[in-house]
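Trainee: Protein sequence lines correspond, in order, to chains A and B.
Position one of the first sequence corresponds to residue 1 (the working numbering), numbered consecutively onward.
Position one of the second sequence corresponds to residue 1 (the working numbering), numbered consecutively onward.
Read the hints as simulated data drawn from the structure, not as lab findings.
Among the hints, erroneous ones may be present.
Claimed, not checked - Selected chain B positions facing chain A (in silico; Cβ < 10 angstroms):
(1) Ala-20
(2) Ala-40
(3) Ala-47
(4) Ala-49
(5) His-61
(6) Gly-62
(7) Arg-65
(8) Val-123
Glycine residues also receive a C-beta, built at the ideal position from the N, C-alpha and C atoms.
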Amino acid sequence: MNTDYDDVLRQALHAAAESIEPAGDGLERIRARIRPVPLLSLATAAAWCSGVSVRLVSWAEPAVAAAIDFFWAAVDRFRPGQGPEHARVRYGWLRPVAAMGTAIFVVAAGAFAVMTLPGAISSSPIALPWSSHDGSSQTAGTSGLAGSGSPLPSGAVSSGAPGGVLPGNPTATATCRPSGGTGTKSPSPSSSPSSGPATTPPSTTSPPTTTTPPTSTSPTDTPTSPSMSDSTTPDPGSAGTPTPSVQTPAAGASGQGGTMAQAAFVVPSKSQAPPPCGSKEKTSKPSASSSGPSALDPPQHTLGAGQRGSA
Amino acid sequence: MTETLVADVAIGPVPAEWDADRALTALYSEHYRSLVRLAALLVRDIATAEEVVQDAFVAMHGGWRRLRDSDKALSYLRQSVVNRSRSVLRHRVVVDRNAPKPAPDEPSAEHGAFTLLERSAVVAALRTLPPRQREALVLRYYGDLSEAQIAAAMGISKGAVKSHTARAMVALRSVLEREA
Numbered sequence: 001m002n003t004d005y006d007d008v009l010r011q012a013l014h015a016a017a018e019s020i021e022p023a024g025d026g027l028e029r030i031r032a033r034i035r036p037v038p039l040l041s042l043a044t045a046a047a048w049c050s051g052v053s054v055r056l057v058s059w060a061e062p063a064v065a066a067a068i069d070f071f072w073a074a075v076d077r078f079r080p081g082q083g084p085e086h087a088r089v090r091y092g093w094l095r096p097v098a099a100m101g102t103a104i105f106v107v108a109a110g111a112f113a114v115m116t117l118p119g120a121i122s123s124s125p126i127a128l129p130w131s132s133h134d135g136s137s138q139t140a141g142t143s144g145l146a147g148s149g150s151p152l153p154s155g156a157v158s159s160g161a162p163g164g165v166l167p168g169n170p171t172a173t174a175t176c177r178p179s180g181g182t183g184t185k186s187p188s189p190s191s192s193p194s195s196g197p198a199t200t201p202p203s204t205t206s207p208p209t210t211t212t213p214p215t216s217t218s219p220t221d222t223p224t225s226p227s228m229s230d231s232t233t234p235d236p237g238s239a240g241t242p243t244p245s246v247q248t249p250a251a252g253a254s255g256q257g258g259t260m261a262q263a264a265f266v267v268p269s270k271s272q273a274p275p276p277c278g279s280k281e282k283t284s285k286p287s288a289s290s291s292g293p294s295a296l297d298p299p300q301h302t303l304g305a306g307q308r309g310s311a
Numbered sequence: 001m002t003e004t005l006v007a008d009v010a011i012g013p014v015p016a017e018w019d020a021d022r023a024l025t026a027l028y029s030e031h032y033r034s035l036v037r038l039a040a041l042l043v044r045d046i047a048t049a050e051e052v053v054q055d056a057f058v059a060m061h062g063g064w065r066r067l068r069d070s071d072k073a074l075s076y077l078r079q080s081v082v083n084r085s086r087s088v089l090r091h092r093v094v095v096d097r098n099a100p101k102p103a104p105d106e107p108s109a110e111h112g113a114f115t116l117l118e119r120s121a122v123v124a125a126l127r128t129l130p131p132r133q134r135e136a137l138v139l140r141y142y143g144d145l146s147e148a149q150i151a152a153a154m155g156i157s158k159g160a161v162k163s164h165t166a167r168a169m170v171a172l173r174s175v176l177e178r179e180a
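Okay, chain B solo, but in the shape it has when bound:
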């Protein structure tokens, strides 16, 4: 059984009197790996995923006075990872648009990282989806999150989550059937 991002399997209730350092350590030991994998599925880069998750933990440490709860902290981390991954992808689009095109036989710097994730045809097809649809599918089928949790993580409504998920599944099916 793989680890998930569901809150009820997390570290449990963190005492409110914990300071930020103790909460950071506890949450890191329990959720850092899964969050990095989630970010890697979104940004398709392990190093970038680690930076994204580390930024999220730093932000959580700074806002621990407001959170003071493990569930809130995990939700905050998840949402922060999704938002920062989105920002990374947006920034990457801009960089790719303005970067000089490499030679045809020269592999790009990210090619090695992508190949590790895109061995599966399903993951390769997932790359072709729009970012929101990809986020919805990753959070649902990898994170095993409910619609409400996906909506909270993506910052959208439940109806939008349903819509994104349905459209993503239709698009993914068409891609896989086309390749098959």
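One chain only, chain A, in its complex shape:
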């Protein structure tokens, strides 16, 4: 039944479609719709273009001529000359300008290097020997005074360290906080010696202190090598160094000279918070813990590499 309807429908549709015959001009109509319609005729466009071109040329002719002249003038300016005279005249100014520029560059580079190189070196994690000498010398002087209980000059303490052996302790530098003193190396009997300038090399400070003994109440200010034997930590390498012997007389007065001297020397480095150099409290602390062996450990612990080897 369905097949019958399918055949009937198919035959009916084909019969109806065959009766339809389209017009023969279909392709022409399609091409006429495809072909773009010109907006302007060729004659109109040519006339318009000719009029515009005539006006444009009459107006732009001087401008074009001026532009061409300017172009050739620029070309002639940078064109190389025919002979050496021409080149010297044209490019004679290049040499002094180049020399001046080179000089300015060299000076600027040198100034920049001078300004930035010390900062870069100091900011490097490697501790340089000369960067920690001053603080240790001040600490030594302060502690020495405290340990002896007598107003010893700070310079006297540091005078016993020729070449800045003990002052080279980096820990001492860290423990000593500048108290704003002037850093004079004159022997002052005061118990609060002002901290030495951190920038002053110890080699320059120690000679005056050794030659001018202060008027201190300490029994002996001169460093003696036998006093080193009193120290609990004999330092063969620094036997000749007068630094421990400075405190030795003061310690000898109390019976524990070497120990006290060492303790007075190292206690500031034990304290975590660095007190100001030369303060009364700090000077009293070393004297209180002068005889303890624990007070001797920190100096060895905090000594620099060179100091540790000598200790």
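Position chain B relative to chain A; hints supplied.
Mentor: Just chain B now, kept in the frame of chain A:
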């Protein structure tokens, strides 16, 4: 044997290097008539069918750079004809709704064109079907297209094509049995 809309009996593979004008000429000579008849079965007007097919060829000419294939071009033409015929019918519905009613004894302008197509009772019954069902039947029984091709031409799925075809056949049978 009548001509069909099947692609394999078309002009064959059109070289890709052909320009749009040459492809248009080839496709026109091979498929224009069948496409006009298909459109006439859909829109029931020969002149409108010709305009629809010509619009489709113009569109194909404009999009030949994308197509560059005879099969794609024929499928494009077929789908374009179906869509434009649908648009014509939709527009005609709106026009008929708003147009003033003619006098009872005055024949309409499209009456002459319709009479040519509706001589057969089957074609007259086909007119009573909904547009989608009519499209499915025309494409299947006149175009001899497969379900996939009908689906591509109508823009629907194969299942929808089956559904439209089955419903159209049931409706057409009922109409023919009622008239008989």
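Trainee: Next, verify each hint and record whether it holds.
Mentor: Consistency of the hints with the structure:
no.: 1; hint: Ala-20; in the structure: 8 angstroms, holds
no.: 2; hint: Ala-40; in the structure: 5 angstroms, holds
no.: 3; hint: Ala-47; in the structure: 9 angstroms, holds
no.: 4; hint: Ala-49; in the structure: 8 angstroms, holds
no.: 5; hint: His-61; in the structure: 5 angstroms, holds
no.: 6; hint: Gly-62; in the structure: 8 angstroms, holds
no.: 7; hint: Arg-65; in the structure: 14 angstroms, violated
no.: 8; hint: Val-123; in the structure: 5 angstroms, holds
The structure fails to meet hint 7 from the earlier list, while all remaining hints are met.
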